[in-house]
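Going line by line, the protein sequences match chains U and G.
Okay, so the first sequence: first residue is 1 according to the working numbering, each after it adds one.
Okay, so the second sequence: first residue is 1 according to the working numbering, each after it adds one.
These are computed hints drawn from the structure, not numbers from a lab.
It cannot be assumed that every hint is accurate.
[As the list claims (entries may be wrong)] Coverage of chain U stretches by chain G, computed from C-beta distances (three or more under 8 Å per stretch; other residues unrestricted):
1. 28 to 37
2. 187 to 199
3. 256 to 267
[Stated by the list, open to error] Pair ranges (Cβ atoms, derived):
4. U:Gly42 / G:Ser42: 51 to 61 Å
5. U:Gly225 / G:Thr41: 49 to 59 Å
6. G:Phe87 / U:Arg303: 27 to 37 Å
7. G:Met1 / U:Met408: 19 to 29 Å
8. G:His6 / U:Ala22: 50 to 60 Å
9. U:Arg142 / G:Lys100: 34 to 44 Å
10. U:Ala22 / G:Thr95: 41 to 51 Å
11. G:His75 / U:Glu395: 12 to 22 Å
12. U:Glu218 / G:His75: 25 to 35 Å
13. G:Phe87 / U:Met408: 52 to 62 Å
14. U:Thr140 / G:Ala126: 39 to 49 Å
15. U:Arg25 / G:His75: 19 to 29 Å
16. G:Ala126 / U:Glu217: 27 to 37 Å
17. U:Gly116 / G:Met1: 17 to 27 Å
[As the list claims (entries may be wrong)] A few chain U positions that, by computed beta-carbon distances, are all more than 10 Å from chain G:
18. Glu70
19. Asp97
20. Lys120
21. Arg142
22. Ser202
23. Ser388
24. Arg389
25. Met390
26. Arg391
27. Lys418
Please read all numbers here as calculations on a predicted model, not as lab measurements.
The beta-carbon is built from N, C-alpha and C at its ideal position, and this holds for glycine as well.
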Amino acid sequence: MRKQDLNKLHPWLWEIPKSYRADMRVPARVYTDERMLDSILGDRSLEQLVNVATLPGLQRYVIAMPDVHEGYGFPIGGVAAVDAKTGVISPGGIGYDINCGVRLLRSDARLDDIRGSMRKLAHSIARAIPSGVGRGGSLTLRGDDFDRVLAGGAARAVELGYGEPADLQSIESGGRLDAADPSAVSNDAKQRGADQLGTIGSGNHFVEIDVVERVFEERFGVEEGQLVVQIHTGSRGLGHQVATDYIKAMARAMPKYGIELPDRELACAPLESAEGRRYLQAMSAAANFAWANRQIITAGIRRAWRHELGAAARLDLLYDVAHNVAKSEEYDGRKMIVHRKGATRAFPGQPVLIPGSMGTASYLLAGAEASMRETFGSSCHGAGRVMSRMRAKKEIDGHELRARLERMGIIAEAASTKGLVEEAPEAYKDVDAVVDVVARAGIATKVARLKPVAVVKG
Amino acid sequence: MWNIDHHTADVRLTITAGTLSELFADAVRALTAVMEPEGSTSRNDAAFAVRLDAADSTALLVDFLNEALTASHIHRVAFTGVDFQSFVPTKLAATLIGQKVRGFGEDVKSVTYHGARVTFGEGGWAVTLVLDI
Chain U
1 MRKQDLNKLH PWLWEIPKSY RADMRVPARV YTDERMLDSI LGDRSLEQLV
51 NVATLPGLQR YVIAMPDVHE GYGFPIGGVA AVDAKTGVIS PGGIGYDINC
101 GVRLLRSDAR LDDIRGSMRK LAHSIARAIP SGVGRGGSLT LRGDDFDRVL
151 AGGAARAVEL GYGEPADLQS IESGGRLDAA DPSAVSNDAK QRGADQLGTI
201 GSGNHFVEID VVERVFEERF GVEEGQLVVQ IHTGSRGLGH QVATDYIKAM
251 ARAMPKYGIE LPDRELACAP LESAEGRRYL QAMSAAANFA WANRQIITAG
301 IRRAWRHELG AAARLDLLYD VAHNVAKSEE YDGRKMIVHR KGATRAFPGQ
351 PVLIPGSMGT ASYLLAGAEA SMRETFGSSC HGAGRVMSRM RAKKEIDGHE
401 LRARLERMGI IAEAASTKGL VEEAPEAYKD VDAVVDVVAR AGIATKVARL
451 KPVAVVKG
Chain G
1 MWNIDHHTAD VRLTITAGTL SELFADAVRA LTAVMEPEGS TSRNDAAFAV
51 RLDAADSTAL LVDFLNEALT ASHIHRVAFT GVDFQSFVPT KLAATLIGQK
101 VRGFGEDVKS VTYHGARVTF GEGGWAVTLV LDI
């Protein structure tokens with residue numbers, strides 16, 4: 001695709017018209033500035049977005065956020081809304097890490113007061129929260145006990161003693177999707193997730209202590225110098241298997257519904273079909289598992305926090321957002337299913353959490369009115385990857401990276417140097433530029449810029 | 001024979017072989033290589049039976065690899081061999097053979113259908129696969 005294939009609608013929004021390819025059912029829109037558009041055109045993300053625009057039942061247009069990058073099937077950073085009666089649901093439009101998301105905890109501590117304890121605090125959190133490939137946690141549930149987590153989400157974790165009932169008010173959808181049915185989740189998926197509650201995993205998942213570096217707008221109780229904690233993880237192996245199971249099932253079912261698509265990874269089925277309903281139940285159960293996971297991790301971090309800073313030290317849940325999920329929402333007076341793959345819900349006034357890379361910054365935003373008019377209530381989800389993990393491992397020296405982070409005042413507690421290198425700052429886009437686009441487009445407003453102080457990862 | 005290449009967020013795997021069944025067996029070994037098994041026993045002490053059918057050989061291969069991946073994660077096994085009891089391009093019965101391991105260094109979430117197409121040409125059978133890691 002070339003730049004001349006896109007129409008510039010305003011400085012932050014470009015459109016690939018429906019006429020670009022005969023099988024497109026709707027146009028494809030990209031929120032970006034001109035400089036990032038050149039970079040976006042360097043991979044296949046917009047061709048993938050055009051493929052998404054062929055799904056049946058789409059409404060208005062499909063959208064790429066400024067952090068978009070090439071994925072498989074859907075690009076990462078994509079949004080697609082379908083009519084709930086006539087549309088389809090595509091597991092590839094949610095991704096393998098169902099309800100991968102971010103949680104932000106707000107402390108009553110200030111960096112200047114506890115700077116000397118930071119290394120010990122990071123180490124204590126690393127000990128409390130298992131991380132790394134396939135690492136299991138201390139909580140292993142079986143049978144009905146496990147299914148109650150799939151049905152109950154974060155609320156079930158609170159019932160089991162992890163966190164406080166008040167936490168649930170600060171989680172997207174209250175930390176539970178009602179459509180969940182544990183019987184729609186395969187035994188393979190349950191086995192893959194059996195010992196993974198309360199674990200971060202590997203890849204780009206992390207726990208990070210940040211200092212509020214700059215406040216743009218006084219809201220959500222954050223102030224400059226204050227410490228906050230981010231948690232980024234999802235439904236672990238359970239979600240991966242749910243996606244694998246249902247992409248396979250839908251790929252087989254598509255001929256029955258007369259659906260032909262340019263990429264089998266976009267496999268889908270009508271929402272009203274047996275396959276569509278079953279996937280929605282399984283995806284919701286996996287989303288609940290992810291919310292329970294982040295709730296249990298929160299409890300571990302709070303224990304470590306109090307152990308190091310005293311029993312009165314507080315870590316209140318500011319908000320928890322999903323960025324890989326399908327949600328039932330209403331736009332234009334109609335019920336729609338909004339697929340968000342690497343995109344965050346951004347309802348007006350809602351906290352929107354945008355993690356950057358471990359060496360740059362993250363943002364706390366607030367959803368704004370244009371999101372409801374233009375983006376099906378959605379915003380970007382992060383900085384967006386520009387360098388493959390493999391290339392990062394080849395080009396970046398782990399010891400140099402650790403030393404560089406230390407010089408920047410960032411403590412890295414990583415289970416492996418490889419895991420650290422894969423997530424080096426240079427592997428990501430400029431988060432400031434990404435956030436500028438959503439702010440200028442009126443999708444979300446800037447509340448605070450967060451600077452990393454300590455990173456714990458697999 | 002296989003080659004592991006980079007992809008923006010994931011891993012791209014290219015496999016070539018003289019026969020279709022060799023392509024499937026090499027693909028299992030390539031998947032295991034990407035997973036970076038740790039603490040492997042030296043003997044083949046794990047076996048896992050797979051029976052599958054699919055619309056075409058590409059779907060059969062992706063589904064077969066995902067069966068291997070799921071079993072690897074659940075039973076912590078690095079599969080390095082395949083014994084085919086029956087094999088046609090859209091249906092197979094096989095036993096995956098491998099070693100128990102302590103864990104894996106890379107978390108492969110799934111083998112995707114994205115851009116996958118099994119082809120036959122002058123160099124034999126070939127496929128390129130994208131793995132979500």
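To see whether the hints hold, each was checked on the structure:
no.: 1; hint: 28 to 37; result: violated (count 0)
no.: 2; hint: 187 to 199; result: holds (count 3)
no.: 3; hint: 256 to 267; result: holds (count 4)
no.: 4; hint: U:Gly42 / G:Ser42: 51 to 61 Å; result: 45 Å, violated
no.: 5; hint: U:Gly225 / G:Thr41: 49 to 59 Å; result: 53 Å, holds
no.: 6; hint: G:Phe87 / U:Arg303: 27 to 37 Å; result: 53 Å, violated
no.: 7; hint: G:Met1 / U:Met408: 19 to 29 Å; result: 43 Å, violated
no.: 8; hint: G:His6 / U:Ala22: 50 to 60 Å; result: 32 Å, violated
no.: 9; hint: U:Arg142 / G:Lys100: 34 to 44 Å; result: 22 Å, violated
no.: 10; hint: U:Ala22 / G:Thr95: 41 to 51 Å; result: 46 Å, holds
no.: 11; hint: G:His75 / U:Glu395: 12 to 22 Å; result: 35 Å, violated
no.: 12; hint: U:Glu218 / G:His75: 25 to 35 Å; result: 53 Å, violated
no.: 13; hint: G:Phe87 / U:Met408: 52 to 62 Å; result: 55 Å, holds
no.: 14; hint: U:Thr140 / G:Ala126: 39 to 49 Å; result: 42 Å, holds
no.: 15; hint: U:Arg25 / G:His75: 19 to 29 Å; result: 43 Å, violated
no.: 16; hint: G:Ala126 / U:Glu217: 27 to 37 Å; result: 55 Å, violated
no.: 17; hint: U:Gly116 / G:Met1: 17 to 27 Å; result: 55 Å, violated
no.: 18; hint: Glu70; result: 4 Å, violated
no.: 19; hint: Asp97; result: 7 Å, violated
no.: 20; hint: Lys120; result: 28 Å, holds
no.: 21; hint: Arg142; result: 14 Å, holds
no.: 22; hint: Ser202; result: 5 Å, violated
no.: 23; hint: Ser388; result: 4 Å, violated
no.: 24; hint: Arg389; result: 7 Å, violated
no.: 25; hint: Met390; result: 4 Å, violated
no.: 26; hint: Arg391; result: 5 Å, violated
no.: 27; hint: Lys418; result: 7 Å, violated
Hint check: violations occur at hints 1, 4, 6, 7, 8, 9, 11, 12, 15, 16, 17, 18, 19, 22, 23, 24, 25, 26 and 27; the rest are consistent with the structure.
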